[in-house]
Amino acid sequence: QKEVEQDPGPLSVPEGAIVSLNCTYSNSAFQYFMWYRQYSRKGPELLMYTYSSGNKEDGRFTAQVDKSSKYISLFIRDSQPSDSATYLCAMKTSYDKVIFGPGTSLSVIP
Amino acid sequence: GAGVSQSPRYKVAKRGQDVALRCDPISGHVSLFWYQQALGQGPEFLTYFQNEAQLDKSGLPSDRFFAERPEGSVSTLKIQRTQKEDSAVYLCASSFRDRAHEQFFGPGTRLTVL
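For the protein sequence lines, the chains are A and B, in the order given. The numbering used here puts the first sequence at residues 27 to 136. The numbering used here puts the second sequence at residues 49 to 162.
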């Protein structure tokens, strides 16, 4: 079992839909939870991070962490074609080594 | 200022050749990370520097892989005697000290070994 699991998709939604992306993990020592967006042939770009449990909102993006279930989510409201990309969840303990999920490919259809 | 830069962007090597991949981190970023990303997968940790000190090299797949950051700025990832399975995108990222949760990535070097 990998430390971080993520449904690879592909996920296809119509423009304007609410998108839910999820990851599960096995290491209870993870403290920081990050979401990255990666366009084709580009490096990952940090969207947001959360420390410990709870929600965090940034514009159309909301990150949720449920440490009791070892489950994190990223919600995208009013999705746009420009949101079409691969979304990577990532996690770390107090140590600096970051573990990434395999990524979910998202297509937002106009 | 400029982001993380990597060179070359694309590299084709014949099996058995040595390659060197360069990373220029964001100015002031003490921490530097190397990752390997296979097609359709997330980045896999290779190694990590804080200034010139290599603090973790547990992800390097074999002793053919070697990384250095001699002056605490530019880093080079060297792969000796390349094999086909080394074909991947090699990503470099940097961050401020103790801010590994806020890493900034370069565009990557796509290595193809024939």
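Rather than coming from a laboratory, the hints here were simulated on the basis of the structure. Source: prediction; values computed, not measured. Positions of the beta carbon are idealized from the N, C-alpha and C atoms, including for glycine. Heads up, some of the hints might be wrong.
Stated by the list, open to error - With a straight-line cut-off of 25 Å between C-alpha atoms, the simulated PhoX-like cross-links for lysine-lysine are:
1. A/Lys68 x B/Lys126
2. B/Lys59 x B/Lys132
3. A/Lys123 x A/Lys68
4. B/Lys62 x B/Lys132
5. A/Lys82 x B/Lys132
6. A/Lys123 x A/Lys28
7. B/Lys59 x A/Lys68
8. A/Lys82 x A/Lys123
9. A/Lys123 x B/Lys62
10. A/Lys123 x A/Lys96
11. A/Lys28 x B/Lys105
12. A/Lys82 x A/Lys93
13. B/Lys126 x B/Lys62
14. A/Lys28 x B/Lys59
15. B/Lys105 x B/Lys132
16. B/Lys126 x B/Lys105
17. A/Lys28 x A/Lys96
18. A/Lys96 x A/Lys82
Claimed, not checked - Covered stretches of chain A, going by a simulated chain B footprint (3 or more residues, C-beta under 8 Å):
19. 63-70
20. 87-97
21. 119-130
message = Check whether the Cα positions of A/Lys28 and B/Lys105 lie no farther apart than 25 Å.
response = Holds, at roughly 20 Å.
inquiry  = Is the listed coverage of the region 119-130 of chain A by chain B valid when you require three or more residues with a beta carbon under 8 Å from a beta carbon of that chain?
reply    = holds (count 8)
inquiry  = Just to be careful, I want the Cα atoms of B/Lys59 and B/Lys132 compared with a cutoff of 25 Å; is the pair within it?
reply    = Holds, because 13 Å separates the two Cα atoms, which is no more than 25 Å.
message = For a C-alpha distance cap of 25 Å, please report whether B/Lys105 and B/Lys132 respect it.
response = Holds, because 22 Å separates the two Cα atoms, which is no more than 25 Å.
query = Quick one, are A/Lys123 and B/Lys62 close enough, alpha carbons at most 25 Å?
reply = Given that 25 Å is the threshold and the Cα spacing comes to 32 Å, the pair is violated.
key: Given hint A/Lys82 paired with A/Lys96 - CA-CA distance at most 25 Å   = Holds, at roughly 17 Å.
ask   = CA of A/Lys82 to CA of B/Lys132, is that 25 Å or under?
value = Answer violated: A/Lys82 to B/Lys132 is near 42 Å, above 25 Å.
key: Straight-line alpha-carbon gap A/Lys28 to A/Lys96, limit 25 Å   = 13 Å, holds
inquiry  = Given the hinted pair B/Lys59 and A/Lys68, is their Cα-Cα distance within 25 Å?
reply    = The hint holds at about 16 Å.
message = Just to make sure I understand the rule, a stretch counts as covered if three or more of its residues have a C-beta closer than 8 Å to a C-beta of the chain. Does the region 63-70 of chain A meet that for chain B?
response = holds (count 4)
ask   = Quick one, are A/Lys82 and A/Lys123 close enough, alpha carbons at most 25 Å?
value = 23 Å, holds
request  = Compare the distance between the alpha carbons of B/Lys62 and B/Lys132 with 25 Å, and conclude whether the hinted pair is satisfied.
outcome  = Roughly 9 Å separates the two Cα atoms, so the pair holds.
When the structure is compared with the earlier hints, violations turn up for hints 5, 9, 14, 20 and for no others.
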